[in-house]
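Novice: Protein chains in written order, with this note's numbering: chain A, 122 to 477; chain B, 122 to 477.
Take the hints with a grain of salt, since some may be wrong.
Any copy will do: because identical chains look the same in the list, a pair fits if it lies in one copy or spans two.
Claimed, not checked - List time: in silico BS3-like cross-link candidates among lysine-lysine, alpha-carbon distance up to 30 angstroms: (1) 400 to 170; (2) 294 to 467; (3) 318 to 467; (4) 390 to 318; (5) 318 to 400; (6) 467 to 170.
Hints in this document: simulated from the structure, not taken from any laboratory.
There are 2 protein chains.
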Amino acid sequence: MVAQWVNSADSHVLEPLDLWRRELPPSMRERGPVVETVDDREVVYIDAKVVRRDPVAFMDAIRPPGAEDPVQRLADLDDQGIWAELIFPSRALWVHLSDDAALQLACSQVYNDWLYDEFMTRSGRFIGAAMLPVLDTGDAVRELQRNVARGFETVFLPTATPAGREYNREEWKPLWAAAAEAGISLSFHIGTGADPKVYRGPGGAITNHVVSFYGAQTTLCHLVASGVLEEHPGLHVSFVESGGSWLPAVMERMDEAQRQYGGWFLRPKLPLLPSEYVKRQVHVSFQHGRAALAVMGITGLSALMWGSDYPHLEGTYPNTQAVLAQIFDGVSDDVRAAITGGNFAKLFTIPERVAA
Amino acid sequence: MVAQWVNSADSHVLEPLDLWRRELPPSMRERGPVVETVDDREVVYIDAKVVRRDPVAFMDAIRPPGAEDPVQRLADLDDQGIWAELIFPSRALWVHLSDDAALQLACSQVYNDWLYDEFMTRSGRFIGAAMLPVLDTGDAVRELQRNVARGFETVFLPTATPAGREYNREEWKPLWAAAAEAGISLSFHIGTGADPKVYRGPGGAITNHVVSFYGAQTTLCHLVASGVLEEHPGLHVSFVESGGSWLPAVMERMDEAQRQYGGWFLRPKLPLLPSEYVKRQVHVSFQHGRAALAVMGITGLSALMWGSDYPHLEGTYPNTQAVLAQIFDGVSDDVRAAITGGNFAKLFTIPERVAA
Chain A
122 MVAQWVNSAD
132 SHVLEPLDLW
142 RRELPPSMRE
152 RGPVVETVDD
162 REVVYIDAKV
172 VRRDPVAFMD
182 AIRPPGAEDP
192 VQRLADLDDQ
202 GIWAELIFPS
212 RALWVHLSDD
222 AALQLACSQV
232 YNDWLYDEFM
242 TRSGRFIGAA
252 MLPVLDTGDA
262 VRELQRNVAR
272 GFETVFLPTA
282 TPAGREYNRE
292 EWKPLWAAAA
302 EAGISLSFHI
312 GTGADPKVYR
322 GPGGAITNHV
332 VSFYGAQTTL
342 CHLVASGVLE
352 EHPGLHVSFV
362 ESGGSWLPAV
372 MERMDEAQRQ
382 YGGWFLRPKL
392 PLLPSEYVKR
402 QVHVSFQHGR
412 AALAVMGITG
422 LSALMWGSDY
432 PHLEGTYPNT
442 QAVLAQIFDG
452 VSDDVRAAIT
462 GGNFAKLFTI
472 PERVAA
Chain B
122 MVAQWVNSAD
132 SHVLEPLDLW
142 RRELPPSMRE
152 RGPVVETVDD
162 REVVYIDAKV
172 VRRDPVAFMD
182 AIRPPGAEDP
192 VQRLADLDDQ
202 GIWAELIFPS
212 RALWVHLSDD
222 AALQLACSQV
232 YNDWLYDEFM
242 TRSGRFIGAA
252 MLPVLDTGDA
262 VRELQRNVAR
272 GFETVFLPTA
282 TPAGREYNRE
292 EWKPLWAAAA
302 EAGISLSFHI
312 GTGADPKVYR
322 GPGGAITNHV
332 VSFYGAQTTL
342 CHLVASGVLE
352 EHPGLHVSFV
362 ESGGSWLPAV
372 MERMDEAQRQ
382 YGGWFLRPKL
392 PLLPSEYVKR
402 QVHVSFQHGR
412 AALAVMGITG
422 LSALMWGSDY
432 PHLEGTYPNT
442 QAVLAQIFDG
452 VSDDVRAAIT
462 GGNFAKLFTI
472 PERVAA
């Protein structure tokens, strides 16, 4: 019995092990995401580089059948009381660590085609984010447009880019313009685009988990401070799995910088305060954090979206309704409805729910 | 007429231009912090490396006479309604960018001696943070002990360290033990220990201002996750000029990581939740941010300390009382008293205030 149906702004599919070996052009076949088990570790490679080495038992804990099977997945959604969900990849999360532009594009195309065929055509409840390559803006624009043409309403971009291609750079402008023109939003999933293992030694696992959200903070700054959100006032941007409670700190620091550097270093000079762009166009997703609710008066209600992060351990599966009850204990119905579904429904086209 | 006297957990002195040229051993004289005016820019060097290039007009705006003169400074404090203040350097903020351990030590000694002689011996309202070098733990321990012996109650450490010497490493353990044994606190001032100009291009000034607080987040993680705060339950740690509103996000993410990785990657395994160490031993200073007050229910009241950041532009000088009135509008007297002075007074010995 579902207490209240919600939408998830953050979910993951698990791509078939052989997807890229099967679908990439022959010359690239061994260079897409590859998974091998070595001793008790599952090792993920992209372009022959090791990007993850996780215990098999840990990986087993985050791949329920619904992660890869659309029919089982709909059953899981029903069971958890999730109606629609925004879908990100699993193994393809690391494609942006390749420094080969053609490979990034080809891997993105393979993933997007598979996601479209296997999930999006099965149910409108599966809302895919089309993965874009980041080394060539022309490639990114074309892949965006190819996917918008068949109904994708957002694109997945990593929160880190190679040095010299940060999101404040001129060379990204055609992509922002293409997204704005298409009327779709940008979705930046945290922990992507850079080696996730930054720190070693005592406490490294906790520290690496925390610092994986810096990319969201930096990307937000780039988009606000360089004028992207000023230039495209209808362009919405989501930071996925970042949590929600960091947002006021970045809003405050951006505003502080604009006040302090008013007469000096600002280029461009923005007509609004940075925090005003955030309130107008930015969204962040969180799974558990009640801290996000404490700062709603600063971020605005529309900035906050709940996400299940299915099927990951930091997510709410298989206890979604219990977690929701805990997070929203004592929170008004309209606030809960906006954060767990209403804000999401303003960004995406969701099929009407009919009783089973 | 001062509405309410406060203590500032974040203030800066301006060291004499020729301090290091005058006081360093002859072989190092030209390698301490040096300032030269080139065209309309004031260029700061350490060990012949350029670390800042700021417009002269910008620098002029942040050096009122009280920045360098103790008598004028006391008058400024009286005028602003600030009783005691924790003092950090200005030009010496960049000493940690030298990769010469002996030079870092010598520059620290010169600064600490000057601060002690020129300010701390003049008034107990000047509470100095003794600068420590970071390339050799033995040097740091000895400089800590030398300054504790003459009454310093905290040390200034940068929020970034060279790769391989992060604060979670074993080699720092003697310093944490020395601080705990001496009963003093650690003060990490943000924006130090790494090149402050990370990003270039549009919006870079705002983005660089924001990202300068990542070091505080990372350092907090290192100290909590590696078990430093577990091992030394009486050791208090302050993050200065970091703002206060980021703290709940890091507390939540650390707790999330501990929950999620419980059976896997955690080393050491901590008996408490990371957020519990924060509530017990961690403090953050902010100048304006009302967001910090919104999250007090999560951080705990003792975590928050106000600071003026005198004489910087992001600080409250010369409008301290007006800023305080705005921040604490509608806030209860006991909360205001704790944040603007009471929490500070638990960390430092403050002379009794007598009516002028």
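Novice: Compare the structure with each hint and give your call.
Specialist: Going down the list of hints, with the structure as the test:
{"no.": "1", "hint": "400 to 170", "result": "neither (39 angstroms within a copy, 41 angstroms between copies)"}
{"no.": "2", "hint": "294 to 467", "result": "within (25 angstroms within a copy, 52 angstroms between copies)"}
{"no.": "3", "hint": "318 to 467", "result": "neither (35 angstroms within a copy, 38 angstroms between copies)"}
{"no.": "4", "hint": "390 to 318", "result": "between (37 angstroms within a copy, 19 angstroms between copies)"}
{"no.": "5", "hint": "318 to 400", "result": "between (32 angstroms within a copy, 27 angstroms between copies)"}
{"no.": "6", "hint": "467 to 170", "result": "neither (39 angstroms within a copy, 51 angstroms between copies)"}
Checked against the numbered hints given earlier, the structure breaks hints 1, 3, 6 and satisfies all the rest.
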